[in-house]
Amino acid sequence: MNPGWRAFLTAQGARLAANDRVVPLAPSGAAAPPRDCTRYDLSHLGLIGVAGADTDSFLQGQLNNDIRALTPTHSQLSGHCSPKGRMLALFRALRHGDGIWLQLPRERVAEALKRLRFYVLRSKVTLEDLSDGPVRIGLAGAGVSRELERLGLPLPARDNEVAAAEGLRVLRLPAPEPRFELIADRARQTAIWEALTPVSSWGDEDGWALLDIRAGIPNVYTGTVDAFVPQMVNLQLIDGVSFTKGCYTGQEVVARMQYLGKLKRRMYRAEVTSPTPPQPGDVLESAGSTSEQSAGLVVDARPDGEGRYAVLAVVEIEAAQRGEVRLGSTGPLLHLQLPPYGFPAPAA
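Start counting the sequence shown at 37; every next residue gets the next number (this note's numbering).
Hints are computed from structural coordinates only; laboratory data are not their basis.
One should not assume that every hint holds.
[Claimed, not checked] Pairwise CB distance ranges, derived in the manner of DEER restraints:
#, residue 1, residue 2, range
1, P39, H371, 41 to 49 Å
2, E143, P39, 14 to 22 Å
3, A231, L299, 42 to 50 Å
4, V319, V156, 30 to 38 Å
5, Q329, Q48, 28 to 36 Å
6, A105, Q48, 33 to 41 Å
7, R224, R344, 32 to 40 Å
8, G324, R292, 22 to 30 Å
For every residue, glycine included, the Cβ atom is placed at its ideal position computed from N, Cα and C.
Can you make the complete structure from the sequences, with help from the hints?
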């Protein structure tokens, strides 16, 4: 993690804990400003920088989304698959000058770099771990747009849109409430964080991931590497995969699933009450399942109340329709829900 940024957050956290409150930006006797905005340190996310004359052609041959659709004002999800079409990593991709940044869970950076470098061969491209470089913070809540405007920061209007100004990039991300990611150097982010502190709450990594879960946005963690083809985690429903871009690693399997196969598993949201936290990769079971594999796997899970967890889970469609899917063979029952974008109607 960026040592200067981490030291700043540690010092600020100690100061707030000592004061046990944040002094509002309001004159004596005036009402404090509303706390309808939460700020997040996104140091748990890693960042890979791809640069060089062959950046676009190299990534076009590796990622399952169309790099040609990636512009300075548009970010996208894009997966890196094995030759068998199973996802090894899932990136949030955005342009940075002549290069491209790929954001993913920090725990997956080293392995993702190793896998991508395996395919570089003679391509004029370099790949670098930038996780300790640009500082990234998240903002979410009903009042976020107001606070961005108050600070004179750009405000993307649509999900996945990117706006830039004076070395700062602002990404608008899908969520049930306005949500943005800010990327800039440490000095700029320190000033923004301090300006937001009196009018916002401090959220944690679980809170940020919970917003992904509620939006039906998957991530690939160590426990789920090589577990899913893109369609199982609904990437075809959230503009995370292209079926017209041409060849890439694993493309044949992904295309066959789309045009010739029958999708037997897909990703649902779920709620579960459990004495222990579910983890990515945890096995799901369902009575009556005839699959030689389990009935499904947990994609992500985060606390959402006392003993309760919000979950993304890839589940056998028949098991989901029967309505009895559990954590393990004897664990608690998952209450499955559709993702917010829903599922397409079955073909006639």
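Status of each hint after checking the structure:
1. P39 / H371: 41 to 49 Å: Since P39 and H371 have Cβ atoms about 43 Å apart, the given range 41 to 49 Å holds.
2. E143 / P39: 14 to 22 Å: Given range 14 to 22 Å: holds, Cβ gap about 19 Å.
3. A231 / L299: 42 to 50 Å: Given a distance of about 47 Å, which is inside 42 to 50 Å, the answer is holds.
4. V319 / V156: 30 to 38 Å: holds, 36 Å
5. Q329 / Q48: 28 to 36 Å: violated, 47 Å
6. A105 / Q48: 33 to 41 Å: holds, 39 Å
7. R224 / R344: 32 to 40 Å: holds, 38 Å
8. G324 / R292: 22 to 30 Å: Hint holds: Cβ distance 28 Å, inside 22 to 30 Å.
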